[in-house]
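**Student:** Spelled out from the first residue to the last, the chains are:
Protein chains: 2
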Amino acid sequence: MSLLTVGTVAFDDIETPFGRAENVVGGACTYIALAASYFVRGIRVVAVVGGDFPKKELKYLEKRGVDLEGLQIKKNEKSFFWAGRYHDDMNGRDTLVTDLNVLADFDPILPETYRHSEYIMLGNLTPAVQLRVLDQLLSKPKLVVLDTMNFWMDNALEDLKKVLKRVDVITINDEEARQLSGERSLLKAAKIIHTMGPKYIVIKKGEHGAILFGEDQVFYAPALLLPQVTDPTGAGDTFAGGFVGYLCKTGDVSMNGMKKAIVFGSAMASFCVERFSTEGLKNLKSRDISVRVRQFAQMVKF
Amino acid sequence: MSLLTVGTVAFDDIETPFGRAENVVGGACTYIALAASYFVRGIRVVAVVGGDFPKKELKYLEKRGVDLEGLQIKKNEKSFFWAGRYHDDMNGRDTLVTDLNVLADFDPILPETYRHSEYIMLGNLTPAVQLRVLDQLLSKPKLVVLDTMNFWMDNALEDLKKVLKRVDVITINDEEARQLSGERSLLKAAKIIHTMGPKYIVIKKGEHGAILFGEDQVFYAPALLLPQVTDPTGAGDTFAGGFVGYLCKTGDVSMNGMKKAIVFGSAMASFCVERFSTEGLKNLKSRDISVRVRQFAQMVKF
Chain A
1 MSLLTVGTVA
11 FDDIETPFGR
21 AENVVGGACT
31 YIALAASYFV
41 RGIRVVAVVG
51 GDFPKKELKY
61 LEKRGVDLEG
71 LQIKKNEKSF
81 FWAGRYHDDM
91 NGRDTLVTDL
101 NVLADFDPIL
111 PETYRHSEYI
121 MLGNLTPAVQ
131 LRVLDQLLSK
141 PKLVVLDTMN
151 FWMDNALEDL
161 KKVLKRVDVI
171 TINDEEARQL
181 SGERSLLKAA
191 KIIHTMGPKY
201 IVIKKGEHGA
211 ILFGEDQVFY
221 APALLLPQVT
231 DPTGAGDTFA
241 GGFVGYLCKT
251 GDVSMNGMKK
261 AIVFGSAMAS
271 FCVERFSTEG
281 LKNLKSRDIS
291 VRVRQFAQMV
301 KF
Chain B
1 MSLLTVGTVA
11 FDDIETPFGR
21 AENVVGGACT
31 YIALAASYFV
41 RGIRVVAVVG
51 GDFPKKELKY
61 LEKRGVDLEG
71 LQIKKNEKSF
81 FWAGRYHDDM
91 NGRDTLVTDL
101 NVLADFDPIL
111 PETYRHSEYI
121 MLGNLTPAVQ
131 LRVLDQLLSK
141 PKLVVLDTMN
151 FWMDNALEDL
161 KKVLKRVDVI
171 TINDEEARQL
181 SGERSLLKAA
191 KIIHTMGPKY
201 IVIKKGEHGA
211 ILFGEDQVFY
221 APALLLPQVT
231 DPTGAGDTFA
241 GGFVGYLCKT
251 GDVSMNGMKK
261 AIVFGSAMAS
271 FCVERFSTEG
281 LKNLKSRDIS
291 VRVRQFAQMV
301 KF
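As you go down the protein sequences, you meet chains A and B in turn. Using this note's numbering, the first residue of the first sequence is number 1, and each one after it goes up by one. Using this note's numbering, the first residue of the second sequence is number 1, and each one after it goes up by one.
FYI, nobody ran anything at the bench for these hints, they're computed from the structure. Any given hint could turn out to be false.
The list makes no distinction among identical chains, and a pair is therefore deemed to hold if it is satisfied within one copy or across any two copies.
To be verified - Cross-link-like lysine-lysine pairs, in silico, DSS-like; alpha carbons within 27 Å at most:
no., residue 1, residue 2
1, Lys282, Lys63
2, Lys301, Lys140
3, Lys191, Lys259
4, Lys285, Lys63
5, Lys301, Lys142
Pulled out of the complex, with its shape left as it was, chain A reads as follows:
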């Protein structure tokens, strides 16, 4: 099974109540690829970085089996940069800086080898770029998953609606689901978003877990309780990467398969938030992941 992902590969400055990390590796695509790399080899990356992006980090991704043929490196430009500060309760954050740099005129070009990918993960990015990726595919993928955010609902709603028509699964947070649908009840919101295209709607609620709507069923996966949450950056991307990586590994894209994938995605996100940047996603053992998945099963059993 082949998995292609598009998204940002970036530098972040992050400040949380537990400390700060400067000029660390971030970006949706980075988190997605790392999380998915625990389930599948050869994840195909479509992204862009500047000449400033550390070779060491790219080597690490390759070591984890990530395929970087579709990564554009603009030697004389700078990588996308984001700086943010989390509130004391960690549920909110303020964006301090967004420097698009190489992302400003990013044209995602799929290498020939990528054009028959079966699983597509459209990481959070301009909907026009997500569309450009879908347009270059030469065969119908088995599954398209879209992650997006309120910024695109405010600024590129028409493009977003075009992408939505072509995706199977959307992952957004609860407030975004309410904004996109105009409905306060998540049950009603999911029904409306379903009519926009996606057969499955995944609502990410951070520390409150995630809800999957599909095939007239609802599945709720609580978030694991952790002694320490250090940095929520990338948790949603990591969740999406674990989710799509698990689906790609098993090939089971039924509602039952998706439920399990949600649990694996949540387990990956729990590692992500324990440390700054991508540190929590490095050097995990498959046993570490299966222990957390078992914790999920125990937590909801009655």
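Following the hints, position chain B against chain A.
**Tutor:** Frame of chain A; chain B shown alone:
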């Protein structure tokens, strides 16, 4: 099995984005007794109302098998009154009026017949009043459940700590658990609250469900998703009433018994929020309740 509950029986003015209800019946004890009445007969009420409280409402409680021998009626005084307005997202609310009236000098007196009660539900109220109830018991109860709130942590912490030493289960919301423990992680917060007395800690998270900590286990029950939430008033009390009512009915106060009780409490709360005041808790059939409990089981199965 016998169940005794203490708490407020009151009038409420409620304003939500979906409408308003004026001078309707409310109060922690009312919601607790109504919810528990679906599991046990003869719930013993310790509370106070003024001469203004409608006889019809008391008759309805009696019809549901609630024992009002311990309800004091102060003919020439007014009942406790609370007015509140919910925010647009329904997760927050402002208190507009609190008229203590009869509650100002409430001395909870247990009739002789109440003094050997096995299950005690201390509804949200001055900790000193909760203590007075425990002091009048002539035999050690099988289970004491305490509901409280941030107001008592701010204004009567020492008394609250005294009650905590004598309870088996505490139910509070997530922010209150953080305030009481001084810990942001709910996992750590529960451990600290455990050292204050309660063997079991139930954290109510409203639309995000409830978490039970006990016997070195964690159990997470999501809230049911509803097409319409009309009025969250009394949801926490209803949850507590369903929880303790179910425990009293089964007599199983182990961690496994508590898990099931949490699910039944959540099911009762889902009926409560669908309509204003106590309307959602009237005339339910046991089939209505078991349908919702089954929905819970399905929602977390993977």
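**Student:** All the hints need checking, so say for each whether the structure fits it.
**Tutor:** Each hint, compared with the structure:
1. In this homomeric assembly, Lys282 and Lys63 come within 27 Å of each other (Cα to Cα) only inside a single copy, at 11 Å, whereas the closest approach across copies is 62 Å.
2. Proximity of Lys301 and Lys140 under a CA criterion of 27 Å is satisfied in neither setting, with 39 Å inside one chain copy and 31 Å between copies.
3. Taking the shortest Cα distances, Lys191 and Lys259 sit within 27 Å of each other inside one copy (18 Å), while across copies they are farther apart (31 Å).
4. Taking CA atoms no more than 27 Å apart as the test, Lys285 paired with Lys63 passes inside one copy only; the shortest distance there is 15 Å, against 60 Å between copies.
5. Taking the shortest alpha-carbon separations for Lys301 and Lys142, only the inter-copy value of 25 Å comes in at or below 27 Å, while the best intra-copy value is 32 Å.
In this structure, only the earlier hint numbered 2 is contradicted, and the remaining ones agree with it.
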